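S.K.: Next come the chains, spelled out residue by residue.
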Amino acid sequence: MSRQMIEILTNGIVETLYMTIVSTIFAYLFGIPLGVILCITDKKGICHNKIINLLVGMTVNIIRSIPFLILLVAILPLTRLLVGTTIGSTATIVPLVIAATPFVARMVESSLKEVDMGVIEAAKAMGSSSFQIIWKVLLPEAKPSLLVGCTISLATILSYSAMAGFVGGGGLGAIAINYGYYRYQADIMWITVILLVGIVQLFQEIGLRFVRKVDKR
Amino acid sequence: MYKLENLSKEFHEKENSIAAVKNVNLHIEKGEIFGIIGFSGAGKSTLVRCLNLLEVPTSGKVIFNGKNLMEISQTELRKYRQKIGMIFQSFNLLAQRNIVDNVCYPLEIAGVKKKEARKKALALLKLVGIEEKAKNYPSQLSGGQKQRVAIARALATDPDVLLCDEATSALDPITTTAILELLKEINQKLGVTIIIITHEMKVVQQICDSVAVMSEGTIVEQGAVKEIFATPESEITKRLVWDWNFDSRSMYYEEGDT
Chain A
1 MSRQMIEILT NGIVETLYMT IVSTIFAYLF GIPLGVILCI TDKKGICHNK
51 IINLLVGMTV NIIRSIPFLI LLVAILPLTR LLVGTTIGST ATIVPLVIAA
101 TPFVARMVES SLKEVDMGVI EAAKAMGSSS FQIIWKVLLP EAKPSLLVGC
151 TISLATILSY SAMAGFVGGG GLGAIAINYG YYRYQADIMW ITVILLVGIV
201 QLFQEIGLRF VRKVDKR
Chain B
218 MYKLENLSKE FHEKENSIAA VKNVNLHIEK GEIFGIIGFS GAGKSTLVRC
268 LNLLEVPTSG KVIFNGKNLM EISQTELRKY RQKIGMIFQS FNLLAQRNIV
318 DNVCYPLEIA GVKKKEARKK ALALLKLVGI EEKAKNYPSQ LSGGQKQRVA
368 IARALATDPD VLLCDEATSA LDPITTTAIL ELLKEINQKL GVTIIIITHE
418 MKVVQQICDS VAVMSEGTIV EQGAVKEIFA TPESEITKRL VWDWNFDSRS
468 MYYEEGDT
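Here the protein sequences come in this chain order: A and B.
So the first sequence is numbered by the numbering used here: it starts at 1 and just counts up by one.
So the second sequence is numbered by the numbering used here: it starts at 218 and just counts up by one.
Hints were generated in silico from the structure; no laboratory data involved.
Note that the coordinates shown come from a computational prediction; the quantities given were computed from them, not determined experimentally.
Using N, Cα and C, we set each Cβ at its ideal position, and we do this for glycine too.
Some clues are possibly wrong.
[Claimed, not checked] Simulated pairs of lysine-lysine, DSSO-like, Cα-Cα distance not exceeding 30 Å:
no.	chain 1	residue 1	chain 2	residue 2
1	B	278	B	330
2	B	352	B	300
3	A	113	B	336
4	B	331	A	213
5	B	336	A	143
6	B	278	B	231
7	B	336	A	44
8	B	332	A	216
9	A	216	B	337
10	A	113	A	213
11	B	296	A	136
12	A	43	A	143
13	B	331	B	350
14	B	337	A	213
15	B	406	B	455
16	B	284	B	343
17	B	296	B	336
18	A	143	B	331
19	A	50	A	143
20	A	50	B	278
[Stated by the list, open to error] Just a sample of chain B residues kept apart from chain A, beta carbon distances all over 10 Å, derived:
no.	residue
21	246
22	249
23	310
24	313
25	314
26	325
27	339
28	344
29	355
30	371
31	404
32	459
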């Protein structure tokens, strides 16, 4: 393999990691509050509210059901507005965040719902406010489960980022499509696939190791 | 201390409503150990949850230290709850916090400074006899030890009353006796009123001063434990006393055999 190709691939890895990690951070920034809202406004939640739950739940479901490639194209004007361009890895972050946030919200919701109702009841009996229950009970008690969810989210967002290569996104996905698909360089395509698999494995391994260390159950 | 007036709680499920607690009137004196006994489904857990408004009663009054808890704001209620400790059958400790931090939790909520809270938590762990486990996590403890931590946690904010919802039902007989002795000690040392929900006559017999017998959401009989034992009037009470006598007799025979 030429030196040039190695350079391209290295760049691809860096871009892929950049897109995936930054998108995950933003997706969690928006997804955690949404997940909390979904959990606490639920029928058995601490601030039961049918209307808010329905509204947020519907929005989340609608965005989740749009295929990522279509969402990516549909929000091109928004992407241009936010980052000034529609190609490259930074531009890909916008649709990635939008696609991943509802996914993350559901992941967070299901993690928070795993927290024992009895513990929440005990916290209430000790005079905790709803905010204190969220901050000091729900989120810390769900931490291991949230971290497992985070490794799953990372892998999902990584695969989305590779898809964005089709429409001018950067990273390993773009290399796979441009060299492997359009130029029939199957070897390059397979190398990128192996690299992507490697990155997912890495995320998974690091994540699970971290969870084992953090979980006190 | 506690006065319940015409307290009722109904649960609504689609078309039918279930009356879990019906028109309960109770008076619990300061400093006593008050037992509420009944078979499963008698409504006793719902009743004890009404005492700190974990369940909001459908009607009636819950008067705690002269204040009707039904009439106060949520903020005030949270303050009052700090004066009402509670322990549970399933302990309900925070699994991701170590023991001393579990006991610190109610103090954090009450706004006590971290250093002070820690000092107090350690003193309480000593009181319940489990200070050497301060750095452990709940998953590393036995049931009896967990309940001791839960008791320490419930006492952290110097409550006037301690509600025990089937607190010994998940424990073996020997641990049950030890936990009950601890509750008695706390009642005598700190003067905390204790309200115990149970289905075991043994619990009532071992530590309660007064007892109310509950069946189908109502109090069928109440009074001093000795009197209720000597002259049970309702069918339910007779059955509970008879069961208990039978149990203790069979226990006696087992001891005699060995």
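S.K.: Now tell me if each hint is right for this structure.
M.R.: Status of the hints after comparison with the structure:
A C-alpha spacing of about 35 Å is found between residue 278 of chain B and residue 330 of chain B, which places the hinted pair above 30 Å, so the restraint is violated. Restraint check for residue 352 of chain B and residue 300 of chain B: the C-alpha separation of about 27 Å stays at or below 30 Å, so the hint holds. Straight-line distance between C-alpha atoms of residue 113 of chain A and residue 336 of chain B comes to about 33 Å, which puts the hinted pair past the 30 Å bound. With a C-alpha separation of about 25 Å, the suggested pairing of residue 331 of chain B with residue 213 of chain A holds against the 30 Å cut-off.
Proximity of residue 336 of chain B to residue 143 of chain A is assessed by CA-CA distance (about 27 Å); at most 30 Å being required, the pair is judged to hold. At most 30 Å may separate the alpha-carbon atoms for a hinted pair to count; residue 278 of chain B and residue 231 of chain B meet this at roughly 26 Å. A C-alpha spacing of about 36 Å is found between residue 336 of chain B and residue 44 of chain A, which places the hinted pair above 30 Å, so the restraint is violated. For the proposed pair residue 332 of chain B and residue 216 of chain A, the alpha carbon gap of about 24 Å is at most 30 Å, so the pair holds.
For the hint linking residue 216 of chain A to residue 337 of chain B, the alpha-carbon distance of about 24 Å falls within 30 Å, and the restraint holds. Restraint check for residue 113 of chain A and residue 213 of chain A: satisfied, since their Cα atoms lie roughly 22 Å apart, inside the 30 Å limit. The straight-line distance between the Cα atoms of residue 296 of chain B and residue 136 of chain A is roughly 18 Å, inside the 30 Å bound, and the hint therefore holds. Between residue 43 of chain A and residue 143 of chain A the alpha-carbon distance is near 23 Å, which keeps this suggested pair within the 30 Å criterion.
A C-alpha spacing of about 19 Å is found between residue 331 of chain B and residue 350 of chain B, which places the hinted pair at or below 30 Å, so the restraint holds. With a C-alpha separation of about 29 Å, the suggested pairing of residue 337 of chain B with residue 213 of chain A holds against the 30 Å cut-off. As the CA atoms of residue 406 of chain B and residue 455 of chain B are separated by approximately 34 Å, the hinted pair breaks the 30 Å bound. Annotation: proposed proximity of residue 284 of chain B to residue 343 of chain B is violated, straight-line Cα distance about 33 Å (limit 30 Å).
In summary, the hint linking residue 296 of chain B to residue 336 of chain B is supported, as the alpha carbons are separated by about 22 Å, within the 30 Å threshold. Taking the CA atoms of residue 143 of chain A and residue 331 of chain B, the gap is near 22 Å; set against the 30 Å cutoff, the hint holds. For the hint pairing residue 50 of chain A with residue 143 of chain A, the CA-to-CA distance comes to about 26 Å; that is within 30 Å, so the pair holds. Restraint check for residue 50 of chain A and residue 278 of chain B: the C-alpha separation of about 29 Å stays at or below 30 Å, so the hint holds.
Non-interface status of residue 246 of chain B relative to chain A is upheld: no Cβ of that chain comes within 10 Å, the nearest being about 22 Å off. Distance check on residue 249 of chain B: its Cβ is at least 21 Å (rounded) from any Cβ of chain A, clearing the 10 Å threshold; non-interface status holds. Against chain A, the non-interface label of residue 310 of chain B is violated: not every CB pair exceeds 10 Å, the least being about 7 Å. Against chain A, the non-interface label of residue 313 of chain B is violated: not every CB pair exceeds 10 Å, the least being about 5 Å.
For residue 314 of chain B, the requirement that its beta carbon stay farther than 10 Å from each beta carbon of chain A is not met, with the minimum near 7 Å. Against chain A, the non-interface label of residue 325 of chain B is violated: not every CB pair exceeds 10 Å, the least being about 7 Å. At roughly 19 Å from the closest C-beta of chain A, the C-beta of residue 339 of chain B stays outside 10 Å, upholding its exclusion from the interface. Listed as a non-interface residue, residue 344 of chain B keeps its Cβ farther than 10 Å from every Cβ of chain A; the least gap is roughly 18 Å.
Not every beta carbon of chain A lies more than 10 Å from that of residue 355 of chain B, the smallest distance being close to 8 Å; the non-interface claim is violated. With a least CB separation of 8 Å from chain A, residue 371 of chain B falls inside the 10 Å interface cut-off, contrary to its annotation. Under the 10 Å C-beta cut-off, the non-interface status given to residue 404 of chain B relative to chain A holds; the minimum distance is some 19 Å. The non-interface label for residue 459 of chain B is consistent with chain A: the shortest C-beta to C-beta separation is roughly 33 Å, beyond 10 Å.
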